[in-house]
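Student: One letter stands for each residue in the lines below.
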Amino acid sequence: MAGLKYLLFLGCVIPYRIASYETSSRKVLERLGVELVEMPEFNCCGLPIDGVNHDAMLMLAARNLCLAEQQNLNILTLCPGCAGTLRKVNRSLQEDKRLKERVNGYLKEIGMEFKGGKIAVRHLIQALVEDVGLEKIKDAVVKPLTGLKVAEHNGCHVLRPAKYIGFDDPENPVMLKRLIEATGAECLDYMYETDCCGAPIIGVNDKIPLYLAGDKLHNVKAVDAQALITVCPFCHMMFDINQPRIERLLSETFGIPVLHYPQLLGLAMGFTPKEMALEELRVDATKILNTN
Amino acid sequence: MSEKKLATETKPKREIKMRDLDPKFKKELSKVQGIENIKLCFQCGTCTADCPIARFSDIYSPRKIMRMTQLGMKDRLLSSESLWLCAACFTCVDHCPQGVDIASVVRALRNMAVKEGIIPDVFRELTDNILKTGYAYKIPELRLKKRVEKGLPPLPEANVEDLSKLFDVIAVSKVSKMEKK
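Respectively, the protein sequence lines represent chains A and B. Residue numbers for the first sequence follow this note's numbering, beginning at 1 and rising by one. Residue numbers for the second sequence follow this note's numbering, beginning at 293 and rising by one.
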């Protein structure tokens, strides 16, 4: 397991609003012996403007892949949107010669060229499961969260579209559950577990995502989960920052703490709640600490 | 969201008139890579049945978007608010029994709408932010300072010159200059 090293692609949402995800991820990965190298330059993965211009998305993604190729490092992302996009483009450009030619035609303007086949793209949970390994994670747990019952929300782009992502089973995802169980906590099933949180259309229509996320919170509450665990900054924003807004809209009280998976793992690894930036969460998460 | 150009949920349904249909539309769209098989959609409705957004929206229906595409209802499609309600969760893509990449059809329709000058404000802002800062959101100075206080490394900066060149090649730069509706 010596020498796991990645180029960290932070994305836009995390530095914009969700620093607690970054803080907890960095600490946990360091303890697990994973080295993170910062991106030499950054631009958005392209996903947010795929609807504006598909080729713009392709070249933004490709430019980041080129930077990783230059460093000869695999990319690690914390955001499923970035992971899905970079992974999909990395694969499409390798498989489709004509597409690669078109994109390289654009990149020529800035003196770059996508070679292909040199690097891979990993989302955090894929790296934890496939590269670090569940056994090593279990070994790092010193304060098991026995007795804690949580639910999980995967984030669509960790899993879909299946033909490009090829990780876990989108219809019955289990990897995040295994990771949660490695901390000693129990992971409960709930209705509409694999549904999207709706966040991407906030700004076009706010009501639909709020109702959608509210429905999910309602179903999480129905199984008496003490917390919801996410691995996506967008989903987290939807369930945590927007939770009071959803409560007002639905006239229903949830009070469900929403933790980033690395926060949960970090607590089990013996980090303090402060080190895991638990106080940065909108919904008070300290109440889950008393259960064990 | 533009009030002028985009149809709202309250607008009454209009009948379909043959003269408004563009029979070449589906051919034009099927030139886009990855969605060459639009005509394979046989309207089973799996996409809409499994769509999380459709569960909470009266107007968003991927099945309907597919049918309107096949019929060539170009104008109505491109000016419809529902075009911008897909959250790109890709459930329909994974579930379509005919292997149609429905999310990419929606994306291609959005790209067409933008070329005709129809774009929700939020997407114009995202494009503008990426072009000017590399990041999709404007990250306030205070937050950059806070990062350092927390012991996080400084954020990598964008190569704005490169981005500007790339955006010019495919004429996306002009999207950010589009007039706010």
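Calculated from the structure, these hints are not laboratory results. Since the structure is predicted, the reported quantities are computational estimates derived from the model, not experimental observations. Heads up, the beta-carbon is just placed ideally off N, CA and C, and yes, glycines get one too. Possibly wrong hints are sitting among the right ones.
To be verified - Quick list of simulated restraints, FRET-style, between CB atoms: (1) A/E275 <-> B/R306: 37 to 47 Å; (2) A/R31 <-> B/Q362: 31 to 41 Å; (3) A/E171 <-> B/P446: 40 to 50 Å; (4) B/E320 <-> A/G255: 26 to 36 Å; (5) A/S251 <-> B/G326: 21 to 31 Å; (6) A/E275 <-> B/G337: 42 to 52 Å.
Unchecked claim - Straight-line Cα separation of at most 20 Å, SDA-like style, residue types lysine to any residue; simulated pairs: (7) B/K442 <-> A/R17; (8) A/K108 <-> B/T338; (9) B/K437 <-> A/K136; (10) A/K27 <-> B/T338; (11) A/K163 <-> B/A450.
Student: Looking at the structure, which of the earlier hints fail to hold?
Tutor: Hints 1, 2, 4, 5, 8, 9, 10 and 11 contradicted; others consistent.
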